[in-house]
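Based on these hints, arrange chains B and C on the given structure of chain A.
Protein chains in written order, with this note's numbering: chain A, 1 to 272; chain B, 273 to 809; chain C, 810 to 1146.
Calculated directly from the structure, the hints in this document are not laboratory data.
Just so it is clear, CB atoms sit at the ideal spot from N, CA and C, and this is done for glycine as well.
Hints are not guaranteed to be accurate.
To be verified - Per the computed footprint, the stretches of chain B lying under chain C, defined by three or more beta-carbons under 8 Å from a beta-carbon of chain C, are:
no. : segment
1   : 377-385
2   : 486-494
3   : 574-584
Unchecked claim - As a list, the in silico DSSO-like pairs of lysine-lysine whose alpha-carbon atoms are at most 27 Å apart:
no. : chain 1 : residue 1 : chain 2 : residue 2
4   : B       : Lys388    : B       : Lys459
5   : B       : Lys543    : A       : Lys30
6   : B       : Lys543    : A       : Lys108
7   : B       : Lys355    : B       : Lys552
8   : A       : Lys108    : B       : Lys430
9   : B       : Lys546    : B       : Lys430
10  : A       : Lys108    : A       : Lys81
11  : B       : Lys448    : B       : Lys550
12  : A       : Lys108    : B       : Lys550
13  : A       : Lys81     : B       : Lys552
14  : C       : Lys1120   : B       : Lys500
15  : B       : Lys620    : B       : Lys430
16  : B       : Lys500    : A       : Lys81
To be verified - Computed beta-carbon distance windows for the label pairs:
no. : chain 1 : residue 1 : chain 2 : residue 2 : range
17  : C       : Lys830    : B       : Leu525    : 54 to 62 Å
18  : C       : Gln990    : B       : Leu521    : 45 to 53 Å
19  : C       : Asn943    : B       : Ala581    : 31 to 39 Å
20  : B       : Ala595    : C       : Gln990    : 23 to 31 Å
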Amino acid sequence: MAKNYTSKEGTLLLIERISKTFQGKYHALKTCSLELRSGSLCAVVGHSGSGKTTLLRLIAGLERPDEGNIDIDGQRVSGPKTFVSPAQRGVGMVFQNYALFPHLTVAKNIAYGLKRPTKARIEELLQMVGLSGYENKYPHELSGGEQQRVALARTLAPSPRLLLLDEPFSNLDADLKTGIRQELRRIIKELNLTAIFITHDLHDALDIADELILLEEGRLEVHCSLTELSELDNQPKLQDSLDRLCESSRRILEVIGERKGTGAQEIARKKL
Amino acid sequence: MRDTSAWSVATLALVLILALPYIAFTSGLLAGTGHKWSHLMTYFLNKFFINSVILIVGVGFLACLLGISAAWVISRYELPGRKVWAILLYLPLAIPTYIMAYIYVGLVGYGGTTTKLGQWIGVDLPSGNIMNIYGLVWVLSLSLFPYVYAAARASFSKRPAALLETATLLGASERKYFFSIALPMAKPAIIGGLLLVCMEVLNDYGAAKYFGINTFTTGIFRSWTALKDLQSAVYLAGLLIAFAILVTLLIRLARGRKSYASNSDSGGPVKRVKLEGKRKVLAFLIVGFPIIFGLILPIIQLFMWVIPAFDYASFYENIWITAQSLFVAAMAAILTVATAIALLFFSKWNALSFIKRLPSISTVGYAIPGAMIGIALFSGGRYFVDFASEQFGWRIGYLVYGGLPILLYAYVFRFLAVAYYPIEATSLRMGNQLAEASYTLGGNRFNTLRKIELPILKPALWAALILVFIDTLKELPLTLILKPYDIDTLAMVAYNYADEEQMTKAALPALMLVSVVGLLSFLFEWWRSYSSKAKDG
Amino acid sequence: MNKIFLFALILLVAACGAADKEEVTIYTHRHYDVDQQIFDDFEEETGIHVNVVKAGADELIERLVSEGDQSPADLLMTVDAGRLVRAADANLLQPIESETVSSTIPDKLRSADNSWVGLTKRARIIVYHPDRVNPEELSSYEGLADSIWNGRVLIRSSSSIYNQSLMASVIANLGEDAARQWAAGVVENFARNPSGNDRDQVKAILAGEGDLAVINTYYLGLLLNSADSQEAQAGEAVQIFWPNQEDRGAHINVSGVGLTANSPNAENAIALIEYMISQEVQELYASANYEYPANPNAEVSDQLKSWGEFKEDELPLARLGELNDEAVIIFDEVGWP
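Extracted from the complex, chain A is given alone in its bound form (with noise of 0.2 Å):
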């Protein structure tokens, strides 16, 4: 990425040229810079094996980053000689089968990350995902969507400062995704939360993300608003950096084009 950041007023997540392997051979991200502003919905997209989950993961603080800083609202929560532990971040994460606890109810589960859980919390939070009237279940006794709902309820209830989705809608059936990405975006922007979701799935991205990430074997390739995207003609520099390579960012042009109609279509064609 050309851009050159630096943290301005409003950026929630700050991330300066993280770099990650594995066993010290598998580069799964390689000096990676990002900054999200307050508010913002991202989507992270990209093949798998491309870096999502571990991005997400040196968020939460779930893996230490070889190098490089990450910085939310301003702390620094790691770098070189500081790692905050994942507790003290102020990130909740909701990973792809949920991890719900199998053996707690689902007031339980929602109750788990409270300091002080009151009855009234947990209603408040169980009528925010629509499931009044669950407490007293059991995860395995509930819906693929309805668990997914509780577990994000449970990220919300210590009212994280960064939502993280690992995801959300890959083990959704298609007639649900439609209705629950809206509902994920209402909730977000009701609690005025920074989010960053990771799908395979462009459409999940253009529907409801207000800026795009994508990532291709551990770079991150592409940061740019939806906004931009939507005015790719008027974007050279986007479209030069979509344009250089990979199948993804094909992808991208091809299926904005589809969703704009012919016109966008042809966009798409041209710069294949």
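This is chains B and C only, laid out in the frame that chain A set:
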């Protein structure tokens, strides 16, 4: 499916075959108490009961404490030599409880190894009499805690990382994660291990007798041998079985409706944490304590007995006995696991819910004192033998008395629980989807079993094989009663010498028993890590 | 895999049934190396192979009952007379038709109908710590109930057949009531709750838990000759006292052998019994295992000689078996664990 009734019949038939000894017990219970019953009631029954309860509670608690804490450290933290400790923690299981009892008297009793060590380093080390019920709790716990350890470790190490990470992100401390997530989720497994411990405690005869503690089982023997009232003995055994069935059902009930199968299997297993400083020392203490007191000190004691009395003739003889033990144990293990698989899948393939519950009844044999199984088999076998000779003029006595088939049948009857529970647990986790997927792809039951289910169950099958193998190697009273005269086992030879107060001679076969089991455990663990690496790569 | 396994099983079964040579099968409660040596010698001399099944006598008797007329057993060998009486009572034994046996072994050491015969004798004796016990105060088993021994007497639990036999002999000599009073007195004098085996009682004397113990001569011999130096020291530290020398004599029991009712090789079995009571073999028992020979012509070993001559109770041993039930009941009544 259309062949459901056939599988119901097959399950029922298998359960009935395995229930044969119960016929003897049931007829014993129906026949009522014997002529010395009122004597037993007056002088013993409350003692049997109180002591058995103290032992079960005490050993259960101590075994859980030792087993769970060690399993937690091994599966959660990265310690130098972790893999070796992990295996050593299984090995106290190789020391039969009665041998452990003799060992501890030899260790801390007067003039024992502790005293000698004290003299050698010039300090007056304490020695004392541990032949009381607390000593018995200690001895039994040390030789039985690996059942809990094995169960807890399996459960802890297969917890998906996402659960721990979620808990961490939600601000849970290590302690909170352990008590609110890891431990409750491991509960069914731990209870399974605890059940085995309880059954072993109920079944122990040698150690309790040596320590002079009256338990249900020594009571059965007293009624039978000293009071010559076999009927009351069988009646007592019947009560014990009823008690064991009750415990089994209660535990089934406690497992309840909650499904612990977690769909969060992404992210692989939990990464182990490196420890530093005080916490590292503490971790070593937790792992080291049971290894030192359950394995190292006992082995030292065995050597203290073996070395002064060592001669090559008895060494070679013991090698030959080892070979025979391995042969018998291998046959028993294979047969038991095969029976467990048949029972599990036959009942799974049928549709009647009451049939599905039957297999767990068949596993109660674990609680019945081996000697009583032996007697039940003899008295039950007698009908067959008489029938065959009266109706057909066949003399099949050699099949029933002191033949290998009946000994193997007895092992299956006795150890089915050991094989059944780990296989069942894995099968429950596996669920039905894979099999159903295979059926929809045109697979029939047997090739689905062979190609899909058994390969997935392989680790559990190996674990079951090894456990039954070890248990058979250690088994005593059944072997004593039923064994063919041309077969000796290490456990038997060790017991015979110990019973005759010749520990110097009992120690060599006991040591060989520990070595064989140790070697097996190492091979098994090596195979497991090897095969899991092969899968990853 | 299962087919192969089944095949192996069938082969084994066949192998178990097919043996057809000169043999004798013995069910024994004796687990001594010297026994195996004697059986081997016997086979070398006669060509008769000895099959041995080692287990507890009670299990073996139950096995004989179940096997009935299809039992492969020819002989039942126990470490006490009581179990032989029990086997005889259950009609599991038949008379041993042998002039040699009747003429060699004294009457009191075998059953009236010769269905079983004693091979070796063990005496139940008192051992004491010479610093803490004045031997002049020792007299008899009955004396152990005296209050001067309060908190000083070590003895194992009543589940031991040796204690049951001792009690039976007390009942036979003094009657049931006196025996009960005696047992209650001994229980009062226990140094500790009965636990452990005979060797443990001797060690407990040295540990200072008690001052005297009731044990078998045979175990004292094992203790004195133990490969464990500490055990040998424990054996040497105590003195031996022969009880009841002024009256009926010390209690003895036998390790003996009975001929099974359905013995398939009765002739071979009798040959083995005759071999086992021969002077030479009897001396081997005495020297290797510290047991007193049942054959009066056999010499006792040096170890046994060192304990001196003693007067034995002349009670016919069959009485021990007959009174065993009452003995156990008295133990329970007085709370002797």
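Now the hints, each set against the structure:
1. Coverage of a stretch by a chain is defined here by at least three residues with a beta carbon nearer than 8 Å to that chain's beta carbons; for the segment 377-385 of chain B and chain C the count is 5, and the condition holds.
2. Closer than 8 Å: that is the beta-carbon criterion, and the segment 486-494 of chain B has 4 residues meeting it against chain C, so the requirement of 3 holds.
3. Here's how the segment 574-584 of chain B fares: 4 of its residues keep a CB closer than 8 Å to some CB of chain C, so the rule of at least three is met and the hint holds.
4. As the CA atoms of B:Lys388 and B:Lys459 are separated by approximately 43 Å, the hinted pair breaks the 27 Å bound.
5. In summary, the hint linking B:Lys543 to A:Lys30 is supported, as the alpha carbons are separated by about 23 Å, within the 27 Å threshold.
6. Taking the CA atoms of B:Lys543 and A:Lys108, the gap is about 26 Å. The hint holds against a cut of 27 Å.
7. For the given pair, B:Lys355 sits about 16 Å from B:Lys552 by alpha-carbon distance, which is consistent with the 27 Å threshold.
8. Between A:Lys108 and B:Lys430 the CA atoms are separated by roughly 23 Å; this keeps the pair inside 27 Å, and the hint holds.
9. Under the criterion of a C-alpha separation no larger than 27 Å, the hint pairing B:Lys546 with B:Lys430 is consistent with the structure, at around 19 Å.
10. Distance restraint check for A:Lys108 and A:Lys81: the Cα-Cα separation of roughly 37 Å exceeds the 27 Å cut-off, and the hinted pair is therefore not satisfied.
11. Between B:Lys448 and B:Lys550, the direct Cα distance comes to roughly 20 Å. Compliance with the 27 Å bound is thereby established for this hinted pair.
12. Annotation: proposed proximity of A:Lys108 to B:Lys550 is violated, straight-line Cα distance about 33 Å (limit 27 Å).
13. Distance restraint check for A:Lys81 and B:Lys552: the Cα-Cα separation of roughly 24 Å lies within the 27 Å cut-off, and the hinted pair is therefore satisfied.
14. A threshold of 27 Å between alpha carbons decides the hint, and for C:Lys1120 with B:Lys500 the separation of about 32 Å lies outside it, so the pair is violated.
15. Pair hint B:Lys620 plus B:Lys430 holds up; C-alpha atoms about 25 Å apart against a cutoff of 27 Å.
16. As the CA atoms of B:Lys500 and A:Lys81 are separated by approximately 79 Å, the hinted pair breaks the 27 Å bound.
17. Checked against the hint of 54 to 62 Å, the pair C:Lys830 and B:Leu525 passes, with Cβ atoms roughly 58 Å apart.
18. Checking the proposed 45 to 53 Å range against C:Gln990 and B:Leu521 shows it holds: the Cβ atoms sit about 49 Å from each other.
19. As the Cβ distance of C:Asn943 to B:Ala581 is approximately 37 Å, the hint placing it in 31 to 39 Å holds.
20. Restraint check, B:Ala595 to C:Gln990: a C-beta distance of roughly 56 Å breaks the suggested window 23 to 31 Å.
In the structure shown, a violation is registered for the earlier hints numbered 4, 10, 12, 14, 16 and 20, in ascending order.
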